[in-house]
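Q: Chain residues, written in single-letter form:
Protein chains: 2
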Amino acid sequence: MAISKKVKAALNGASWVRRMFEEGEELKRLHGEENVYDFSLGNPNLEPPASLKKALKALADCPVPGMHRYMPNCGYSDTRKAIAEYLKEESGLPFEEKHVVMTVGAAGGLNVVLKAILDEGDEVIVPSPYFMEFKSYIENSGGQIRLVETNDDFSLNLSAIEKAIGEKTEAVLVNSPNNPTGVVYDQESFEKLGELLKKKSRQLGRNLHLITDEAYRRIVFDQIHLPNAFCCYPHTIRVTSHSKDLSLPGERIGYVAVSPLCEDADEMIAAAVFANRTLGFVNAPALMQRLVAPLQKNSVNIREYEEKRDLFYNSLTAFGYQLVKPQGAFYLFPKAPIEDDVAFVKELQSKRILTVPGRGFGKPGYFRIAYAVNRKVIEGALPGFKEVAEKYRAEKK
Amino acid sequence: MAISKKVKAALNGASWVRRMFEEGEELKRLHGEENVYDFSLGNPNLEPPASLKKALKALADCPVPGMHRYMPNCGYSDTRKAIAEYLKEESGLPFEEKHVVMTVGAAGGLNVVLKAILDEGDEVIVPSPYFMEFKSYIENSGGQIRLVETNDDFSLNLSAIEKAIGEKTEAVLVNSPNNPTGVVYDQESFEKLGELLKKKSRQLGRNLHLITDEAYRRIVFDQIHLPNAFCCYPHTIRVTSHSKDLSLPGERIGYVAVSPLCEDADEMIAAAVFANRTLGFVNAPALMQRLVAPLQKNSVNIREYEEKRDLFYNSLTAFGYQLVKPQGAFYLFPKAPIEDDVAFVKELQSKRILTVPGRGFGKPGYFRIAYAVNRKVIEGALPGFKEVAEKYRAEKK
Numbered sequence: 001m002a003i004s005k006k007v008k009a010a011l012n013g014a015s016w017v018r019r020m021f022e023e024g025e026e027l028k029r030l031h032g033e034e035n036v037y038d039f040s041l042g043n044p045n046l047e048p049p050a051s052l053k054k055a056l057k058a059l060a061d062c063p064v065p066g067m068h069r070y071m072p073n074c075g076y077s078d079t080r081k082a083i084a085e086y087l088k089e090e091s092g093l094p095f096e097e098k099h100v101v102m103t104v105g106a107a108g109g110l111n112v113v114l115k116a117i118l119d120e121g122d123e124v125i126v127p128s129p130y131f132m133e134f135k136s137y138i139e140n141s142g143g144q145i146r147l148v149e150t151n152d153d154f155s156l157n158l159s160a161i162e163k164a165i166g167e168k169t170e171a172v173l174v175n176s177p178n179n180p181t182g183v184v185y186d187q188e189s190f191e192k193l194g195e196l197l198k199k200k201s202r203q204l205g206r207n208l209h210l211i212t213d214e215a216y217r218r219i220v221f222d223q224i225h226l227p228n229a230f231c232c233y234p235h236t237i238r239v240t241s242h243s244k245d246l247s248l249p250g251e252r253i254g255y256v257a258v259s260p261l262c263e264d265a266d267e268m269i270a271a272a273v274f275a276n277r278t279l280g281f282v283n284a285p286a287l288m289q290r291l292v293a294p295l296q297k298n299s300v301n302i303r304e305y306e307e308k309r310d311l312f313y314n315s316l317t318a319f320g321y322q323l324v325k326p327q328g329a330f331y332l333f334p335k336a337p338i339e340d341d342v343a344f345v346k347e348l349q350s351k352r353i354l355t356v357p358g359r360g361f362g363k364p365g366y367f368r369i370a371y372a373v374n375r376k377v378i379e380g381a382l383p384g385f386k387e388v389a390e391k392y393r394a395e396k397k
Numbered sequence: 001m002a003i004s005k006k007v008k009a010a011l012n013g014a015s016w017v018r019r020m021f022e023e024g025e026e027l028k029r030l031h032g033e034e035n036v037y038d039f040s041l042g043n044p045n046l047e048p049p050a051s052l053k054k055a056l057k058a059l060a061d062c063p064v065p066g067m068h069r070y071m072p073n074c075g076y077s078d079t080r081k082a083i084a085e086y087l088k089e090e091s092g093l094p095f096e097e098k099h100v101v102m103t104v105g106a107a108g109g110l111n112v113v114l115k116a117i118l119d120e121g122d123e124v125i126v127p128s129p130y131f132m133e134f135k136s137y138i139e140n141s142g143g144q145i146r147l148v149e150t151n152d153d154f155s156l157n158l159s160a161i162e163k164a165i166g167e168k169t170e171a172v173l174v175n176s177p178n179n180p181t182g183v184v185y186d187q188e189s190f191e192k193l194g195e196l197l198k199k200k201s202r203q204l205g206r207n208l209h210l211i212t213d214e215a216y217r218r219i220v221f222d223q224i225h226l227p228n229a230f231c232c233y234p235h236t237i238r239v240t241s242h243s244k245d246l247s248l249p250g251e252r253i254g255y256v257a258v259s260p261l262c263e264d265a266d267e268m269i270a271a272a273v274f275a276n277r278t279l280g281f282v283n284a285p286a287l288m289q290r291l292v293a294p295l296q297k298n299s300v301n302i303r304e305y306e307e308k309r310d311l312f313y314n315s316l317t318a319f320g321y322q323l324v325k326p327q328g329a330f331y332l333f334p335k336a337p338i339e340d341d342v343a344f345v346k347e348l349q350s351k352r353i354l355t356v357p358g359r360g361f362g363k364p365g366y367f368r369i370a371y372a373v374n375r376k377v378i379e380g381a382l383p384g385f386k387e388v389a390e391k392y393r394a395e396k397k
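So the protein lines, in turn, are chains W and Z. The C-terminal position of the first sequence is numbered 397 in our numbering, with every residue numbered one higher than the one before it. The C-terminal position of the second sequence is numbered 397 in our numbering, with every residue numbered one higher than the one before it.
Don't take each hint at face value.
Short derived list, chain W residues pointing at chain Z, Cβ under 10 Å [claimed, not checked]: (1) S4; (2) A10; (3) S51; (4) L52; (5) P72; (6) G105; (7) A106; (8) G194; (9) T278; (10) A343; (11) K346; (12) G362; (13) P364.
To list a few chain W residues with every Cβ distance to chain Z over 10 Å, as calculated [as the list claims (entries may be wrong)]: (14) D61; (15) Y70; (16) Y137; (17) N140; (18) E162; (19) E167; (20) E195; (21) F221; (22) F281; (23) I378.
No wet-lab data here; the hints were simulated from the structure. In this text the structure is predicted, and so the values were computed from the model without any measurement. All C-beta atoms in this analysis are idealised placements derived from N, C-alpha and C, irrespective of residue type, glycine included.
Isolated chain W (complex conformation) (with noise of 0.2 Å):
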């Protein structure tokens, strides 16, 4: 009973963020849960807001008749509505019920939107370090992953971008605040990145779309102000999910909205329903649309994730290791202090630190800290880390 041979091939080169989950898991056997410093998956610790806890014990308490039956392929009409609302809010464009559609979370978005627009051997464009997973999207749905180097600071390079879209372009799939770095794009990237797509576009004859992973878009510090890529570029289509702002990843749910100021905005809409049904997601879980519906502007405590990322930033630095301060997500990008991400990252192992080489992220030399842990697992990890460091500057003296 053979497998697939395209799936043969991409099980031998096994995802790089699985792998070393699953040293980990032994690495936990060996030592105990309580003695390895897991940050290899982004998987946050914090519970969901008691708000979610409340909605789930009323409903569970008077459960409503047909809850859990099937609906229209794009989710209930309420929670469709209910988030067009907020986005309104959020871009003051006019986003109405239609123009979201409910899915199993930012990854099955994805899918949904590139099935939606994909024809064999389209591209799109993604700037690396990137979130691996894209590339197997990409791919689902016969397209191809072209991937553009970003500025040192992980910012956009526009003009990598500029020079990588041509004939074959679809899309431009950018993530922020961004998985592996945690940098969070600016307005003027955003507006520059708007102004080239509509240039590219006149240029190519037909529009090219902005697709924006925001699945960590409640998740920033420093009071920054999140640029919105819908006012920025008409043909934006955000993909996002409650897995990380109402801490919800294994449930499940999320949407994609399509800008209200895209012409054919309707057409993408019926396009990503019909994906959405038949590449089996049908929709997105019932009993969850329900309870996000009303908990629009509510989110985890931000703040945990900040005071996280600052002991470890600040510590990390003091140790010497050089790294971009990342404004956003719970990720850490530094660079490894030897060239080999997977030597280094081995080392961390010895010392029972769990993160993944930046070659997963299509960035070897780095290595990826996932922090959604609880604050002992840093504070448990640290000694560990400034000793690497201590031997790897000893090393090199």
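Chain W is fixed; fit chain Z onto it per the hints.
A: What follows is chain Z alone, placed relative to chain W:
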């Protein structure tokens, strides 16, 4: 902002089920919902069993810390163990936790399995009439659907399947109890199918897959014994869900089970888990995984569906309709009294009765009735069915 050409073409040939659903919505607006008899969608009207509601309430009252977080892509260990235990008891085969992958419903599960096994151009044989989404699911992974006729009573036509198996064949996909016919394949059919697949696998020098879509497995009538495909062919993969047995279709909870008799089951599971992740499902919804685990032997009251089948079948037969008496699911698939099934379905619409033309399932000249509705909807529609039958009988004279 153009959508995919492939999707555009598919949208133009939109699903008949969907089209009927939408025309029905219009009828409901015109006549009031209670005056339209909607048999277009297989959307279970029964509420989940009390045991599920109780489990939801218990969990909402005492949430388990971390219960909404990511878990391994294959699902919770406890849930998979409970299902393996159930399958072991049902089949007598040595199912273990590792043979089960939790999925986003059966539709998600089918996409996962097809992605795991198909390479470009591989063929999947499907007996027709069939659930048309299968075609999309197969094509999503680069495969081709190969339809084969069933017998007049919609039972498996084994010589048609034998003739269709060739160099490109990768799998046979059967759905029993069947959507749209409600027919249940008997023990002998599965045994002969197993023998045929063993013979053909030997001839081809590789093992063909048998994929069984058993979403309606619990919904069987007349106290019939349901055959177990796992016991008839070692390279069997079951895909199912709790959409129908626990009435949870909107929650998207199902699973894939790989036969423990399959010598490369481990690789198949690894491929399925990879597909679950990279297709963007990531994992089956966490909360539902937890709720269904202890309810493997529970189900809605099947007798209610059986009574509706009896009422509907007996009445239609009395009105002169020709139809196979279905022994499962909640569908009837009568012959249309005139050749043109679409014209006939429109005639029923004039009586405010919504059904789906047989061509929506690859079988023109028939029509599908989904009777998972309240009894009074059936009772309300019967006079209309009678009038239309009499009209065509009068015209024929």
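Q: Take the hints in turn and mark each one as holding or not.
A: So, going through the hints one by one against the coordinates:
1. S4: holds, 5 Å
2. A10: holds, 6 Å
3. S51: Violated, because the Cβ-Cβ distance from S51 of chain W to chain Z comes to roughly 13 Å (cut-off 10 Å).
4. L52: With a closest approach of 8 Å, the L52 of chain W hint holds.
5. P72: This interface hint holds because 9 Å falls under the 10 Å limit.
6. G105: This interface hint holds because 6 Å falls under the 10 Å limit.
7. A106: holds, 9 Å
8. G194: For G194 of chain W, the interface hint is violated, since the closest Cβ of chain Z sits about 14 Å away, which is over 10 Å.
9. T278: holds, 4 Å
10. A343: violated, 27 Å
11. K346: violated, 23 Å
12. G362: violated, 16 Å
13. P364: Interface hint status for P364 of chain W: violated (22 Å vs cutoff 10 Å).
14. D61: violated, 7 Å
15. Y70: The claim breaks: Y70 of chain W does not keep its Cβ more than 10 Å from every Cβ of chain Z (closest is about 5 Å).
16. Y137: Violated, because the least Cβ-Cβ distance between Y137 of chain W and chain Z comes to about 6 Å, which does not exceed 10 Å.
17. N140: violated, 6 Å
18. E162: holds, 20 Å
19. E167: Nearest chain Z Cβ is 14 Å from E167 of chain W, so the label holds.
20. E195: holds, 17 Å
21. F221: Holds: least Cβ distance 22 Å, greater than 10 Å.
22. F281: violated, 6 Å
23. I378: holds, 18 Å
Consistency note: the structure conflicts with the earlier hints numbered 3, 8, 10, 11, 12, 13, 14, 15, 16, 17 and 22.
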